[in-house]
Amino acid sequence: MSGVGLVIVSHSGKLADGVVEVAAQMAPDVAVRAAGGLPGGEIGTDYESVLAALEQADSGAGVVVLYDLGSAQMTAEMAVETLADPDTAVVLDAPLVEGAIAAAVAAQGGSDRSAVAEAARSAARHPEVADTADAAESTDTGTEEGTAAAAAPAGTSGGGARAEITLENEVGLHARPAALLTRSIADLDADVRISHGGTEADGKSVFSLMSLAARKGDTIVVSASGPQAEEAVQRITELAGRGFDE
Amino acid sequence: MGCDAGRVAEALRAGAATVAEHKAELIDLDRAIGDADHGENLDRGFAAIVSTLDSGVPETPGAVLKIAATTLISKVGGAAGPLYGTAFLRAATKLGDVSELDGAAIATGLRAALEGVVTRGKAEVGDATMVDALSPAVEAAERAQADGGDPAAVLSAAADAAKEGADSTVPLVARKGRASYLGERSVGHADPGATSTALLLRALAEVAR
Numbered sequence: 083m084s085g086v087g088l089v090i091v092s093h094s095g096k097l098a099d100g101v102v103e104v105a106a107q108m109a110p111d112v113a114v115r116a117a118g119g120l121p122g123g124e125i126g127t128d129y130e131s132v133l134a135a136l137e138q139a140d141s142g143a144g145v146v147v148l149y150d151l152g153s154a155q156m157t158a159e160m161a162v163e164t165l166a167d168p169d170t171a172v173v174l175d176a177p178l179v180e181g182a183i184a185a186a187v188a189a190q191g192g193s194d195r196s197a198v199a200e201a202a203r204s205a206a207r208h209p210e211v212a213d214t215a216d217a218a219e220s221t222d223t224g225t226e227e228g229t230a231a232a233a234a235p236a237g238t239s240g241g242g243a244r245a246e247i248t249l250e251n252e253v254g255l256h257a258r259p260a261a262l263l264t265r266s267i268a269d270l271d272a273d274v275r276i277s278h279g280g281t282e283a284d285g286k287s288v289f290s291l292m293s294l295a296a297r298k299g300d301t302i303v304v305s306a307s308g309p310q311a312e313e314a315v316q317r318i319t320e321l322a323g324r325g326f327d328e
Numbered sequence: 220m221g222c223d224a225g226r227v228a229e230a231l232r233a234g235a236a237t238v239a240e241h242k243a244e245l246i247d248l249d250r251a252i253g254d255a256d257h258g259e260n261l262d263r264g265f266a267a268i269v270s271t272l273d274s275g276v277p278e279t280p281g282a283v284l285k286i287a288a289t290t291l292i293s294k295v296g297g298a299a300g301p302l303y304g305t306a307f308l309r310a311a312t313k314l315g316d317v318s319e320l321d322g323a324a325i326a327t328g329l330r331a332a333l334e335g336v337v338t339r340g341k342a343e344v345g346d347a348t349m350v351d352a353l354s355p356a357v358e359a360a361e362r363a364q365a366d367g368g369d370p371a372a373v374l375s376a377a378a379d380a381a382k383e384g385a386d387s388t389v390p391l392v393a394r395k396g397r398a399s400y401l402g403e404r405s406v407g408h409a410d411p412g413a414t415s416t417a418l419l420l421r422a423l424a425e426v427a428r
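Protein chains in written order, with this note's numbering: chain A, 83 to 328; chain B, 220 to 428.
Keep in mind the hints are simulated off the structure, nothing from the lab. All C-beta atoms in this analysis are idealised placements derived from N, C-alpha and C, irrespective of residue type, glycine included.
Label pairs and their computed distance ranges (CB to CB):
no., chain 1, residue 1, chain 2, residue 2, range
1, B, Lys-341, A, Pro-121, 20 to 30 Å
2, B, Gly-315, A, Pro-110, 48 to 58 Å
3, A, Gln-316, B, Ala-255, 56 to 66 Å
4, A, Gly-323, B, Lys-341, 48 to 58 Å
5, A, Ala-166, B, Asp-386, 41 to 51 Å
6, B, Glu-319, A, Pro-110, 50 to 60 Å
Take the sequences, apply the hints, and build the full model.
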């Protein structure tokens, strides 16, 4: 694996290890390294540990660094500045847990560093807030939206595709299945929307998908547009058909 | 009289002694508004500087300051490590390989240190941080050196201004670091970082005298 790596800098070794554990479950092939606590196990951030983690996480595609509190940011920035090439790593202001997961999933999908960083940053925007904004916007242009939605299923022009899927796996569209779904279509040139219960989510955003709160037995509507729309819908249908490999 | 590498090393030892002496006070200040680790962390860092200097003092003031920087960065776990580390590192870089520091060089070094701290911590005067001590200290040092002050006069002016600056943090609402989470409740406490900055400058000034 030569993708973007992640470093989690925390005042606590347990916290850093925990974030790495959760992120790694979502993105098994991504180098996610923890730099938490002081060497003796006390609370604090250790410059040398951060430097070591940066080196381990970098396989050539760069590293995204997330931190918990202010001095962790300073230690992280200091370590990055002293790298042979400081441009190989970027220290990001993003929510630690959500940002790490979003970044890990993006890195697993083969995104480059700026896309991984953007995934982490956008995890700060709560999905439900974004959805509300979208809903307000669509009220203004209600008729047009309706026409567009109705046109989508026909899906001949622009390569649109659509499918209705009933979730049969135990946990529904929870974190891990959501991550798998996102990963399954990450490399495709398609805009994928998943809707459930009147809410629409971006198929490439784990948090957006999780905000749908789709459970076992619920039906989700997958609609895609773009050159590889059909491939995207097919992959998601297959993934769901396998019960998200649970 | 200028300060050579030996004198700078001596000043750092005096700084270490001051930090050790005031460790409990710094811990108490930090317990009131932060995580109570400032005294402990700084003491560990300065003790490590002393033990490195025990095994040999490099030839230039800049090189001595660089030892202080790298040691603090790797030994101090809290915000003080990167902040003081950056301060010493910027001063060391600015001074280059001059063999003796006069009043002007000290003022220049302090200015570089302040700029480093501001870059690293993104704090301004009035945020209740070490910048509140260091910033007036730099201005006082620059005035003293413009008046032809020697290292002792420059550092003494800096120490006086830093003390005043540290005291000025008492009525402030902390806007950076752990204390900022307390909001209004941080009012009524001197900032530990500003206090340690004032103590260190006082120690350096005593040695230069």
